[in-house]
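Undergrad: Sequence:
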Amino acid sequence: MFEKRLFSLVPQATPHIMASVLFKWIALMANITVMWVLARILGGIVTDGLSAALAVDALAQAALPLAAAIIVRAASIYLAQRAGDKAAFEAVRRVRSLVYDKLTALGPSYTETVPTAEAVQTSVEGATQLQVYFGGYLPQLFFAGLAPITLFVLLVGQAGLPAALLLACVPVIPVSIMMVMRNAKKIGAEYWGSYVDVGGMFLEAVQGLTTLKVYQADRSWHERINAESERFRTATMRLLVMQLRSICVMDLVVYMGAALGIIVAALQLTTGKIGFESAFLIVFLSQEFFLPMRRLGSLFHTAMNGMAASRRMFGILDTPEPERGDVELDGRGDIELAGVSYAYGDRTVLDSASATIAHGSLVALVGESGGGKSTLAGIIAGRKGAYRGSVRIGGVELRDATAASLMRAVTLVPTNGYLFAGTLRDNLLLAQPNATDTELLRALDRTRVAAFVQANGGLDMVINEGGTNLSGGQRQRVCMARALLHDSPIYVFDEATSNVDAASEAAIGEVIASLAGEHTVIVVAHRLSTIVDADQILVLERGRIAERGTHGELLATAGVYARMWDSQEQLSAYAYAEDDAEDAGADEAVDGSAACTDGLNGAGSSSAAAAPDSGRARRSAPSIMWRMMGLVRPLAGWLVLAVTLGSIGMLTAAFVPAFGALGLMAALGRNALGLGLIAACAACAACGIARGPLHYGEQLCNHYIAFRLLAHIRDLVFGALRQLAPAKLEGRGKGELVSLVTSDIELLEVFYAHTISPIAIALVCTVVFEGFLLAVSPELASIALVAYAVLGVLLPLISAKACGTTGRQSREGAGKLGAFVLDSLRGASETIQFAGGADRSRALGKLTEQVGAVDARLKRRQAASEAVADALILAANLVMLGRALQLVAAGTIDFAAAFVAVFTFVSSFGSVMAVSRLGASLQETLASGARVLDLLDEQPQCAEVSDGQDVGFAGAAAEHVSFSYASGVDAGGADTTEQAANNPASSLILDDVTCTFAPGTMTCIMGRSGSGKSTLLKLLMRFWDPAAGTITVSGVDARHINTASLRSHEAYMTQDTHLFCGTVRENLLVAHANATDAELLDACRSASLTTLIDRLPQGLDTPVAELGDSLSGGERQRIGLARIFLNDAPFILLDEPTSALDALNEASVMQAIDELKRRGKTIVLVSHRASTCAFADFSLSVEHGRLS
40 MFEKRLFSLV PQATPHIMAS VLFKWIALMA NITVMWVLAR ILGGIVTDGL SAALAVDALA
100 QAALPLAAAI IVRAASIYLA QRAGDKAAFE AVRRVRSLVY DKLTALGPSY TETVPTAEAV
160 QTSVEGATQL QVYFGGYLPQ LFFAGLAPIT LFVLLVGQAG LPAALLLACV PVIPVSIMMV
220 MRNAKKIGAE YWGSYVDVGG MFLEAVQGLT TLKVYQADRS WHERINAESE RFRTATMRLL
280 VMQLRSICVM DLVVYMGAAL GIIVAALQLT TGKIGFESAF LIVFLSQEFF LPMRRLGSLF
340 HTAMNGMAAS RRMFGILDTP EPERGDVELD GRGDIELAGV SYAYGDRTVL DSASATIAHG
400 SLVALVGESG GGKSTLAGII AGRKGAYRGS VRIGGVELRD ATAASLMRAV TLVPTNGYLF
460 AGTLRDNLLL AQPNATDTEL LRALDRTRVA AFVQANGGLD MVINEGGTNL SGGQRQRVCM
520 ARALLHDSPI YVFDEATSNV DAASEAAIGE VIASLAGEHT VIVVAHRLST IVDADQILVL
580 ERGRIAERGT HGELLATAGV YARMWDSQEQ LSAYAYAEDD AEDAGADEAV DGSAACTDGL
640 NGAGSSSAAA APDSGRARRS APSIMWRMMG LVRPLAGWLV LAVTLGSIGM LTAAFVPAFG
700 ALGLMAALGR NALGLGLIAA CAACAACGIA RGPLHYGEQL CNHYIAFRLL AHIRDLVFGA
760 LRQLAPAKLE GRGKGELVSL VTSDIELLEV FYAHTISPIA IALVCTVVFE GFLLAVSPEL
820 ASIALVAYAV LGVLLPLISA KACGTTGRQS REGAGKLGAF VLDSLRGASE TIQFAGGADR
880 SRALGKLTEQ VGAVDARLKR RQAASEAVAD ALILAANLVM LGRALQLVAA GTIDFAAAFV
940 AVFTFVSSFG SVMAVSRLGA SLQETLASGA RVLDLLDEQP QCAEVSDGQD VGFAGAAAEH
1000 VSFSYASGVD AGGADTTEQA ANNPASSLIL DDVTCTFAPG TMTCIMGRSG SGKSTLLKLL
1060 MRFWDPAAGT ITVSGVDARH INTASLRSHE AYMTQDTHLF CGTVRENLLV AHANATDAEL
1120 LDACRSASLT TLIDRLPQGL DTPVAELGDS LSGGERQRIG LARIFLNDAP FILLDEPTSA
1180 LDALNEASVM QAIDELKRRG KTIVLVSHRA STCAFADFSL SVEHGRLS
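Quick note on numbering: the sequence shown equals residues 40 to 1227 in our numbering.
There's no promise every hint is true.
[Stated by the list, open to error] Derived lysine to any residue pairs resembling SDA-like cross-links, with alpha carbons at most 20 Å apart: (1) Lys-840 <-> Pro-661; (2) Lys-1057 <-> Glu-983; (3) Lys-1057 <-> Ser-1220; (4) Lys-855 <-> Ala-892; (5) Lys-312 <-> Val-85; (6) Lys-840 <-> Arg-956; (7) Lys-1057 <-> Glu-1222; (8) Lys-1057 <-> Leu-768.
Rather than coming from a laboratory, the hints here were simulated on the basis of the structure.
Please take these sequences and the hints and turn them into a complete structure.
TA: Rendered as structure tokens:
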């Protein structure tokens, strides 16, 4: 299996691969040298009658060259592995960079080629999978061809027939592998596809976990993830069975081939056709013919996973990039649209739009949600290149312009701009890398967010992935400030202030208006009052430009725009009337159902997310293993069977050369242990035949245990995340969580399949070998015991100590890579807009280098451990041989028994060697185990209640509630609520808030962005608990109500409606899994969604794309509202429910919400729109955490 294209992508790896092959060959030659020296010494005893005492002297005289050979071999083993590691790192760095750069070049449209979860896994773990291919498989491929030829050339003169037979058997291994694995590519692709599906479904669930918890759909998604995990387990077992079959065949060829060579050599020794030295070399070098090919076969299976990942990579790399021209665009001319159309699949959203936008003018795009406004804005901004028709800026067709000049000329400020994990300064400098702090603060001041920034750490304040630690309005204003820093000739604002309070919106509107003249400004707006002074207004209806003109001209035509204006004016008039009524009855309101009381000592606001537990003490390796072992108990029977089969299999492997040694002695007439030549040869052949099936059975049992437990651990992990969400998941990189549930959990296979039973097998085999050696000579048995203890106990402990925390650092680095790539892909539009692709790519390269440096330290220790273990084994063999000869010279034991005992010992290290490697190789696995256990042990900020009260709904209230995001549960799991209550200055978001929400009323909460409005809704949902005071539902403290009962009475629509990758129907059913089509359509009517459903090519069964990207912001918001109507809960919480809606849809939706109130629902809505709040019975104003 040699992938030319993959090899050609990384030419830098070639020298390292060749160096690895060379050092492997040198190590082989050193081993041959040792065996040749021993053959000469032992041959002197057998053939020349050399006494054992003189043989001891000869061995002592050869000590120096033998020591040199051992050192050379150990050094070569180390250098071979290090060279392979360097080749692997070059491959990972190069391929990861290529894939990431390609995804960046594709821009946001990458989701049309590959889902985000797969893109992250391919970029991070897929590239990592190639480590084995470049670092292990390719060097071994070349060495596996070189080693048998080398051995044949050296041995053919000594023992021609056995050497020829051994060489002839070698090609049987690759031929047999290919026969067994005819469907390898297909099964490997299924495995990787299933693996990616697990990660994709998990990412979907984690991103939308708040939505799932609101509608108590997290349990059903948990079941879906478990089902997907089970499909992955089944796919993995299919792949494993295929691999184990090939391994079984390989074992059969290796051990039977070696047995055949040994038997022929013993028979030829009997007839005198070869001498003892030649026969000795055949016996103890026979497996060297096959081991390189055997190791290649083992690596083949892991490399195949890399191949499956590489095919996905090639799919990404081969995706055509959007065609770009070579004309520089300065953006200073008019924008001319001629017959512009655009479609998402079969759904046309823009149809033959034509218009001219004069340079320096202020133009507004208005119309109903889904009318094509954002699509047209995206086309002008270069975000949607697959349009039909013509778009010219200054006479230059957009298709002919270079991508870089287009991004410099046009700045798009979308509704949901993306902020990257890092600092605020980093996010702002993306737009203008050379900006001074003064310039950055000036931009923030223009967008009315400077005061908030200065109060929360200044420009170095930490921003979470996606800006989740900011309110929606704060996020929009920071994105606006970043856009102003870009200073492009053309600005496109797509509902860029939808979540901003009225005062800030007015100020920002002045800033936008001031841009006109020097800049061309295009504004997509739903609040028509903000664009009355526009030079031109384009009205879009169902994808067409239905009207155009100034505000006055459009009102005079009494068309679509006029209807929208009248609708909004009516809402506004209603709002003002309601305000007057409220003012007139203010005294009455104090005692009414929305009464509120000022708190004292407001401490400002902060929306910092709850941080993940970071102060937890490091777990010790024994504690990790003990916890992980506890999960094995239900599968203990399988473990016993695995250990039994493995122990017998390992003994048969060791006794192939051991019976060969008996055969040599029998051929010389020196029967040892009473076994003749024929019996020894038969036993040798029987062991060679038995090894394969026994190994197959052991590995099948081990992996059955492992994959059962990995599926169980995924179940536990998602269950833990359900408990932690949403409070403890805010601020955490979703890419890191995907890494945990995929690669971290997959690494636990090493513990469950390759650690537990090998340790037990090593103990069993050690007892057997010690018993055998004890029967021959207690002194030899004691030497063996020391060797086993050093190799199997002391060396792993030293290796583990030497590795220190590098394993944990490596796994944390892998998690950071996943988080960085996901963060980068989610912000691909911003990266392209501000020409930050090269910087992000360099940052990824730097992070890869940092993680690679940690991995290199770990791999150096692994290589050193491997080399030291090999040297210790050879040294122990020589010590054993020397002492055995001394005992023979002293007459304590005879030569035949000593010979068999020594070379049984020589072949006995297989099981112990497997354990000796664990000291270094297990570090990453233990680190992954620690990461998983840390998550499972983390205390939720707000624990769910299952032993409390079930209640109906009879109103809700907040009683003297104070809250800070620093309150709740600290990193160690301790309750800090009392501390927060006693420390009012700890960045309180809400301060001594008291208000009630009586059944059948609608309350509107207003206030500046970041003032605590959304936080109050989250407390009512019991996503957090207050630091002081209580939230009550039906008069009962929410902390004493069963969570299922509480959530059954509540429905909550967040600011940003989350849509899952699926159909419209599937997204609606999240709110009511058993809803009928009639109920779905009724909910759609209430949410003004019917027109959209009718226009969609497949109606309710139309896919909505990842994160609902094929829909407009207003359409997504209306699906969120439809969920609310479908859920039919008595207590409804709405956070900015109409921020992305036009006036007509706003009126329709608010009338439907008002109808809900008339049907007895209790509604609390957060809004900046007076027209929305006009429908409320009561209005509350939040300022700095206090109500009025």
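Undergrad: Evaluate each hint against the coordinates.
TA: Hint check results:
| no. | hint | verdict |
| --- | --- | --- |
| 1 | Lys-840 <-> Pro-661 | holds, 13 Å |
| 2 | Lys-1057 <-> Glu-983 | holds, 14 Å |
| 3 | Lys-1057 <-> Ser-1220 | holds, 17 Å |
| 4 | Lys-855 <-> Ala-892 | holds, 14 Å |
| 5 | Lys-312 <-> Val-85 | holds, 16 Å |
| 6 | Lys-840 <-> Arg-956 | holds, 13 Å |
| 7 | Lys-1057 <-> Glu-1222 | holds, 17 Å |
| 8 | Lys-1057 <-> Leu-768 | holds, 14 Å |
Going down the numbered hints, you'll see the structure goes against none, and every one checks out.
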